[in-house]
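Trainee: The primary structure of each chain is shown beneath.
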Amino acid sequence: MQTISVVVHNKVGLHARPAALFVQAAMAHQSKITVTNGGKNGNAKSIIGILALGVQQNDSITINADGPDEMEALTALTKLIEDNFGEPV
Amino acid sequence: MSEITLKGIPASEGIVIGPAFCHRPLQLEIPARSPGSVQDEMRRFQSACDQAGQELEVLKASVLARSDPETAAIFDAHKMMVTDPMLYDAIQSRLEAGQIIETAVRDASDELAAMLGGMEDELFAAREADMRDVGRRLLRILLGVSDTSIEKLQAPAVVVAHDLTPSDTVSLRSEFTLGFCTAAGGLTSHVAILARTLGLPAVVGLGKKALDQISDGTKLVLDGTGGSVILDPEPATLGRYESMREKASARLAAMQVTSSKNALTADGRRVEVGANIGDSDSAGEAVRYGAEGVGLLRTEFLYLQNTRPPDEAQQMAAYKSVFDAMRDRPVIVRTLDIGGDKPPAYLKFDAELNPFLGWRAIRICLDDHPLFKTQLRAILRAAVGHRALIMFPMISSVEELRAAKAILAEVRVELDSAGLDYAREVPVGIMVETPGAAMLTDFLALECDFFSLGTNDLTQYTLAVDRTNERVAKLFQPLHPAVLRLIKRTIDAAHQHGKWVGMCGELAGMQKAIPILLGLSLDEFSMAPRSIPEAKWLIGQFSDARAREIAEEALSKATAAEIEDFMAGVLDEIRG
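Protein sequences appear in the order of chains A and B.
With the first letter of the first sequence counted as 1, position 17 gets the number 17 in the numbering used here; the numbers rise by one all the way through.
With the first letter of the second sequence counted as 1, position 553 gets the number 553 in the numbering used here; the numbers rise by one all the way through.
Rather than coming from a laboratory, the hints here were simulated on the basis of the structure.
Be aware that a few hints might be false.
Coverage of chain B stretches by chain A, computed from C-beta distances (three or more under 8 Å per stretch; other residues unrestricted) [claimed, not checked]:
1) 73-82
2) 85-97
3) 107-118
4) 121-135
Sample of chain B residues facing chain A (criterion: CB under 10 Å; computed from the structure) [stated by the list, open to error]:
5) 280
6) 312
7) 314
8) 317
9) 318
10) 321
Note that beta-carbon positions come from the ideal geometry of N, C-alpha and C, so glycine has one too.
Could you build all of it, start to finish, from the sequences and the hints given here?
Mentor: Spelled out as structure tokens, the structure:
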């Protein structure tokens, strides 16, 4: 099991397009992936679960991955966030 | 029949008169039946999901063909919701408890929708509508019915509904949709956003009872500007709204033409009209409203949203996204303008009796060089290939300008020795927002490239009025003769030294002030993006000579009330 914390910088947080991209990236991995924000947990492969976390700009989230490709999953998701989902900030 | 006026939330501007089309979605009734095995029920769910996916793909393609990719992306999100593991688990556990798939889908999607709808942030809570839309689609497929209610709109009408789902709104024939009024909804609901995108008037949040009074064909006046809907209007009411509509549409048409062009006075003097913005999203909005540049980019948002100051990379990315959005238009970046009234967590403020006269803006930056340098480095580096300008706030003496420029020079040397690329030609200006700066413009003009009048603070400091204090707020008079004299003095002194003067305070977008400012030869007006079209139109109504007369007369008056009255007359004359 691997865990990492990362700050979400983009304007709308994990909402709309960024939320969709995040979930799609999670779905590309076999590992079970959980996101924690302010005490709430959500399944990273669920758009409803990610939206329900209400992640806003500059929130620090924790991503936890457990499975055969856990490192790859965390690397991919962190990169997506750090690249600001390919958008300007 | 006598007329009835309903009040709601004005969600999208404009006035329209026409018959009502009442959209009543098909009621989905779940028949009583005994459940099959969980596997059998689940199989039916899976095939409903497949069909929903296909429907959404078709819907998305048709939206993409006639609307923007952003609207189409809503249906990508719906597709993800259809196959969402949370929805799946919620349905599975209901089936295991003995429900049939129809009830399970309805209850599970209702529950998830309610969870989203209960979120604090309005933007997230608005996703409730998407979840309900998806749940309804799945249930409709499971029941094997189709809902054609929205397709019954076959002639121009005002669409009346309890609420409109995203699927409904994109299925409406746009050529028949005159406007919207809904019982539910707020300013951020789908229908409100769509109406603004399409430029159609809308009133939302009319309340449940309101709709009982409207039936198909009821004659309606929809006033999306005032937020009212009038049923069966009397001839006098109708006449009033018709003339309002005609005037508004004539002005709107004229404004759309002028706002896409550079602002010119009636006799062709070029005046720049820019936008005041705080991030890259509003940069896009600014361009849509016809901004010729950014007269004020506020940078405080970067500093106030976190527990530590933004680093150079974060700031560069933020500035660059604004520069990119504005393309080759100039962007004036104002350096950090915060104070003890709204302190960020990481700056240590002593208790201040007068935070507006205290440690703030440039005063903080001149004390905290690392903080200031990080911002200056980020601006200079992000500005490569763009037209950026730097502006220092809250300057009240020549020494402060010199000190700020000295730090900027150090930053350039440091960037050079680090071998980092940065913009070499970045003009440096100051905000004129203290009477001190206004009185010293002639000296300051020798050492900076431009000025921008910050009239909100200039008014506050000149009149010694804290406008957040209710007991004295009425003394805050932007058209006060003392303020106008300082503005005139600033512009004249700067022009004598060949420097240009802009204005990024509220006064620049104020209709009553624009003719005076034109007459005082202000070079650049910067305002909220939405104020731009009307301001450009207004600028085009005055010749330079006429504006000078107006300014001269306004400045000859002793009180703000007299100036306001005089200007109200000037505007009435122009609008006819």
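Trainee: Take the hints in turn and mark each one as holding or not.
Mentor: Hint-by-hint comparison with the structure:
Coverage of the segment 73-82 of chain B by chain A holds [criterion: at least 3 residues with CB-CB distance below 8 Å; count 5]. Residue count for the segment 85-97 of chain B with a Cβ under 8 Å from a Cβ of chain A: 3. That meets the three needed, and the coverage hint holds. Here's how the segment 107-118 of chain B fares: 3 of its residues keep a CB closer than 8 Å to some CB of chain A, so the rule of at least three is met and the hint holds. Here's how the segment 121-135 of chain B fares: 5 of its residues keep a CB closer than 8 Å to some CB of chain A, so the rule of at least three is met and the hint holds.
Given hint, residue 280 of chain B at the interface with chain A, holds; its Cβ is 5 Å from that chain's nearest Cβ, closer than 10 Å. Among the interface hints, the one on residue 312 of chain B is violated; its C-beta lies about 13 Å from the nearest C-beta in chain A, farther than the 10 Å criterion. Proximity of residue 314 of chain B to chain A holds as hinted, the smallest CB-CB distance being about 7 Å (cut-off 10 Å). At its closest, the beta carbon of residue 317 of chain B sits 4 Å from a beta carbon of chain A; the interface hint therefore holds under the 10 Å criterion.
With a least beta-carbon distance of about 5 Å to chain A, the hint placing residue 318 of chain B at the interface is held under the 10 Å criterion. The beta carbon of residue 321 of chain B comes within 3 Å of a beta carbon in chain A, closer than 10 Å, and the hint placing it at the interface holds.
In this structure, only the earlier hint numbered 6 is contradicted, and the remaining ones agree with it.
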